[in-house]
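Asker: Each chain is listed here by its residues.
2 protein chains.
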Amino acid sequence: MTRLFNDPDDFRDELVEGFVAANGRWVRAVPGGVVRSTRGDEPTVSLVVGGGSGHYPAFAGLVGPGLAHGAAMGNLFASPSTQQVHSVALAADQGKGVVFSYGNYAGDVLNFDAAAERLRADGIDCRTVLATDDIWSAPPEEKEKRRGIAGDLVVFKVAGAACQAGYDLDAVETVARRANDRMRSLGVAFDGCTLPGAKEPLFHVPPGRMAIGLGIHGEPGIDETDVPTAEELAELFVSKLLEEVPDGVDLAGARVVPILNGLGTVKYEELFVVYRGVHRLLTEAGAVVVDPEVGEFCTSFDMAGCSLTLLWLDEELEQLWTAPCDTPAFRRGQVSGQHTVSAEELQAKAAGADEVTEGSEESKQHAEQVARVFDAVATLLDEQADELGRIDRIAGDGDHGIGMQRGGRAAKDAARDAVGRGAGAGSTLRKAADAWGDKGGGTSGAIWAAMLDALGQAVGDTDALDARAVAAAVRAAEEAVEKAGGASVGDKTMVDAIVPFVRTLDERVEAGDDLGTAWDAAATAAHEAAEGTKELTAKLGRARSHGEKSVGTPDPGAVSFAMVVRTAHQTLWG
Amino acid sequence: MTRLFNDPDDFRDELVEGFVAANGRWVRAVPGGVVRSTRGDEPTVSLVVGGGSGHYPAFAGLVGPGLAHGAAMGNLFASPSTQQVHSVALAADQGKGVVFSYGNYAGDVLNFDAAAERLRADGIDCRTVLATDDIWSAPPEEKEKRRGIAGDLVVFKVAGAACQAGYDLDAVETVARRANDRMRSLGVAFDGCTLPGAKEPLFHVPPGRMAIGLGIHGEPGIDETDVPTAEELAELFVSKLLEEVPDGVDLAGARVVPILNGLGTVKYEELFVVYRGVHRLLTEAGAVVVDPEVGEFCTSFDMAGCSLTLLWLDEELEQLWTAPCDTPAFRRGQVSGQHTVSAEELQAKAAGADEVTEGSEESKQHAEQVARVFDAVATLLDEQADELGRIDRIAGDGDHGIGMQRGGRAAKDAARDAVGRGAGAGSTLRKAADAWGDKGGGTSGAIWAAMLDALGQAVGDTDALDARAVAAAVRAAEEAVEKAGGASVGDKTMVDAIVPFVRTLDERVEAGDDLGTAWDAAATAAHEAAEGTKELTAKLGRARSHGEKSVGTPDPGAVSFAMVVRTAHQTLWG
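If you read the sequences in order, they're chains A and B.
Taking our numbering, the leading residue of the first sequence gets 1, the next gets one more, and so forth.
Taking our numbering, the leading residue of the second sequence gets 1001, the next gets one more, and so forth.
Derived from the structure by calculation, the hints contain no laboratory data.
Quick reminder that beta carbons are idealized off the backbone N, C-alpha and C, glycines included.
Don't take each hint at face value.
Unchecked claim - The following residues of chain B were derived to be distant from chain A, with all beta-carbon distances above 10 Å: (1) ALA1021; (2) GLY1095; (3) ALA1121; (4) GLY1221; (5) THR1225; (6) GLU1244; (7) LEU1260; (8) GLY1286; (9) ALA1329; (10) GLU1362; (11) GLY1420; (12) THR1504; (13) GLU1535; (14) ALA1538.
To be verified - Here are the computed distance ranges between Cβ atoms for each label pair: (15) A:HIS339 / B:VAL1288: 21 to 31 Å; (16) B:VAL1288 / A:SER239: 34 to 44 Å; (17) B:GLU1355 / A:VAL288: 29 to 39 Å; (18) B:ASP1009 / A:THR340: 46 to 56 Å; (19) B:GLU1144 / A:LYS199: 43 to 53 Å; (20) A:PRO8 / B:GLU1219: 28 to 38 Å; (21) B:GLY1286 / A:PRO8: 25 to 35 Å; (22) A:PRO324 / B:PHE1203: 39 to 49 Å; (23) B:GLU1318 / A:ILE222: 47 to 57 Å; (24) B:PHE1203 / A:PRO140: 46 to 56 Å.
Full structure from sequences and hints, please.
Answerer: Below, the structure written as structure tokens:
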């Protein structure tokens, strides 16, 4: 279990601080994560990696010459926010474009994609190469849907070495994508990890049993067996991965890099005993083992588990995999021609992610209204946090109340700050969105950030807003939520409340109602839909206490959404 | 817990095999451990480190240019045998002398010292620098008695860099000793580790509690508290270590290297949160932090714990600490001018540790008698292993029977092999001694190895042996046991049986008895003494079952010794 922390809420920030204090030779802190403290003789394409914290050395431990240029560091097991990714990318950019690389998880895709859009708006070209190596998370014909696990390292190393070698943006993207295509992983776990401050592990595997294909955040595996011998595990790993040798690779004489990765509490000696079998089996199969790695490259706190990754080399990949690099946690040979960069310079670059657009006079007045709504919403969520937590505990993990409370408070402060700096309504909403995403955490944080950001983009910083403009902006926000969450009406999620809200608002505005009246009716529709999910929640609670099977998963997000739009009405028209 | 293994008896050998397969860039296997696979342009002093397995990256993970030249790899948590250390040292030697460095534990001292004697007999000068950094294992005025924990890395790194820089043997020893003098560590643990195949952890710390000063093999700590916050732990570490700033160091402006080491399941993120406090507190105290390390440098399988080491630099130590090195687990910058060495060459060098001396005709006849005794002893111990285990379980950990059985079998095979190669009696006994030490393990393995080795040295490979010569050799063996074990008569150890055996043998030989008669009487005396410890064992068993306090710790070693000398009599004169 995880024992050493102060306030669990501060864990991510404090670990970043300690990490930077210990590794100033390689990295400097910027808002959202870290970037290299050095720069080469010539500017290159920049590689920005990232993801949730709790997987060290992924991701920040892999920043340095020959590998990544920056790492966006999210909260524990949570994607970095859009703003965090954007900020790190701005600080890492050298004018040659940016490649994003990270493991394939919905939250990360959402935020990195949004940050890529912002980078392009800044005039910086940006590409994305996902790691999709976990063979048991989707079938071979859907490789693009697979999760990224320890194979992250392979894509990062190849892309980082390509940047270092002076490849242009197209070429870095191409070779990194090929690295991912020629790489497969399989993981097993014996028990779950405990997040700082949690009383219980995220999940349990029964004693004496091993979960096969279980993800690094506890995502379900597809099989469970008795704990095998080291030799049996080596056989399982190698046989399953040899079933998926990439097209065009002839096993006889194929050059392959095995990476045997410990997730936290399967220790080095055990890994070496397993590796002994892996090495022999690969060699017996006719492959030539090149430059293997055995150790901890992508952990999950103290999870008991390990994974094997195989990278099937070609000449170019071998050159890039074996090229020098120098980072806090992964080093090879020597990278020449590196010079120190000042902290001030990096902070100034990253600050580009925190600029606001000056609003027109009309838009500044709207911004003041927006800030008043966030003031009221923050007060509302302070009052309702416990109740939202209670509802969420029936259907989920109980963190919805605290997440909404943190997000609402952060949004309020960010909106007030933006108004103070002369921002228009759109920028104010987008700053509030970033702050909600940063501090709210979890799925609700990401969805509220996406919704408010889309609302802000639609609203802009110039126009005076009439009822039709607001209704159109709200429709854009709804689309962002559906894209971010991937849910539809009837899935019993937040979408169940947003859709009737938007439909009613549209209808009433079309019918000629003033905005306040239309909003009132729309808020009522959202409330009624949310009551439906509340009823379902209650029913689910009863069903669980009677040992019945699940009757669906209602989302407290619908309830909180209805509360927020009601509060907005009271603030502006009440 | 440790889950991945095959036959636990093979764990050490299999981990060495896997480690070498994964790290052929740096190391090659030789009997007893590993040595570098590369050699520099000029020969240097060689640094040989080592200890029990289970502490990776200590010790084999630290072999490579700029750091150690070889590592002797013992069984799990058990010292390497004398022969293992000797073999690795021979392979590592470059003609400029050898420095041994390792953590201060009785078993390691015993075997490394004996190997140093063998090296000197080979004409190779050898020095020893122990790591004695654990401040809570002995008071400051007895620093030389302290255990070595993660501070091993400091002594190894400084000594290895000094070798690399071309220092001579005296100079390497001097600066390594200064590194140890200027270095202090303090460790804490939250729970114990489980050795491969064991059902239970070596020890437990109660849930929610933290043991302070607990050793890396579960040696008792001196205090226990509730689990502190990360900040409180940083304060504990720094305050205790600042109480012991070495003489002559002025804290204001002192340059210090902090090494925050995880023992296995306290993970990186937690370590960084603790390090944040350590860094701030050291800086607030006026010290200047140089080149810190946060990670896993000396583990104990999956033990939950961590330690802080502080190295107080001077100019020379700073140069050596920050010098380049390149090993499987610890790398910095680039070491130039390294060339690959063939496996054959290293095997040939290490083979010097396995030479036998051709015996005179008389000594060869004695060697045959020795081999016959070992045949009979191996059979005896096969039969008595369960009974010896039963006795040991009352007083100890129950492994005496299996240890004696393994040692006896290995000694039998080694003696037969030596006789087949024409060895004299002395060499035959010494080969048997090495094998017993290698395979027997534990304290009894080390003591039997020391006893048989001393016996072999005294017997030699030339002389025909009369009763007086045998009695003198047996006296030498007794002295070796007392030196190795540090026990006296009445301590209820194996010594209780050896002393009456030797005294009786001496008396009867002096009185003119023939050797067979004298040995018979001596074996009877040993048996009577052993019966005394058996009675004590039974009494202890009763006391325990009645919940009484300990009545002393009898040693099944006395019982097995008596059995062996009785069997020797039956074989030679029975």
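Asker: Give a verdict on every hint.
Answerer: To see whether the hints hold, each was checked on the structure:
1. ALA1021: violated (4 Å)
2. GLY1095: Consistent with the label, GLY1095 of chain B stays out of reach of chain A, its closest Cβ about 29 Å off (over 10 Å).
3. ALA1121: Non-interface label stands for ALA1121 of chain B: nearest chain A Cβ at 34 Å, farther than 10 Å.
4. GLY1221: holds (16 Å)
5. THR1225: Given a closest Cβ separation of 13 Å, the condition holds.
6. GLU1244: holds (23 Å)
7. LEU1260: violated (8 Å)
8. GLY1286: Given that every Cβ of chain A is farther than 10 Å from that of GLY1286 of chain B, nearest at about 17 Å, it holds.
9. ALA1329: It is violated; ALA1329 of chain B is separated from chain A by about 8 Å at its closest Cβ, not greater than 10 Å.
10. GLU1362: holds (47 Å)
11. GLY1420: GLY1420 of chain B is indeed farther than 10 Å from all Cβ atoms of chain A, at 31 Å.
12. THR1504: At roughly 46 Å from the nearest Cβ of chain A, THR1504 of chain B sits farther out than 10 Å, so the non-interface label holds.
13. GLU1535: Non-interface label on GLU1535 of chain B holds, nearest chain A Cβ at 41 Å vs cutoff 10 Å.
14. ALA1538: holds (37 Å)
15. A:HIS339 / B:VAL1288: 21 to 31 Å: holds (23 Å)
16. B:VAL1288 / A:SER239: 34 to 44 Å: Violated, since VAL1288 of chain B and SER239 of chain A (Cβ atoms, about 54 Å apart) do not stay within the stated range.
17. B:GLU1355 / A:VAL288: 29 to 39 Å: holds (37 Å)
18. B:ASP1009 / A:THR340: 46 to 56 Å: holds (53 Å)
19. B:GLU1144 / A:LYS199: 43 to 53 Å: Distance hint for GLU1144 of chain B, LYS199 of chain A holds at roughly 45 Å.
20. A:PRO8 / B:GLU1219: 28 to 38 Å: Cβ of PRO8 of chain A to Cβ of GLU1219 of chain B: about 32 Å, so the range 28 to 38 Å holds.
21. B:GLY1286 / A:PRO8: 25 to 35 Å: holds (32 Å)
22. A:PRO324 / B:PHE1203: 39 to 49 Å: holds (43 Å)
23. B:GLU1318 / A:ILE222: 47 to 57 Å: Since GLU1318 of chain B and ILE222 of chain A have Cβ atoms about 53 Å apart, the given range 47 to 57 Å holds.
24. B:PHE1203 / A:PRO140: 46 to 56 Å: Cβ of PHE1203 of chain B to Cβ of PRO140 of chain A: about 47 Å, so the range 46 to 56 Å holds.
Checked against the numbered hints listed earlier, the structure breaks hints 1, 7, 9, 16; every other hint is satisfied.
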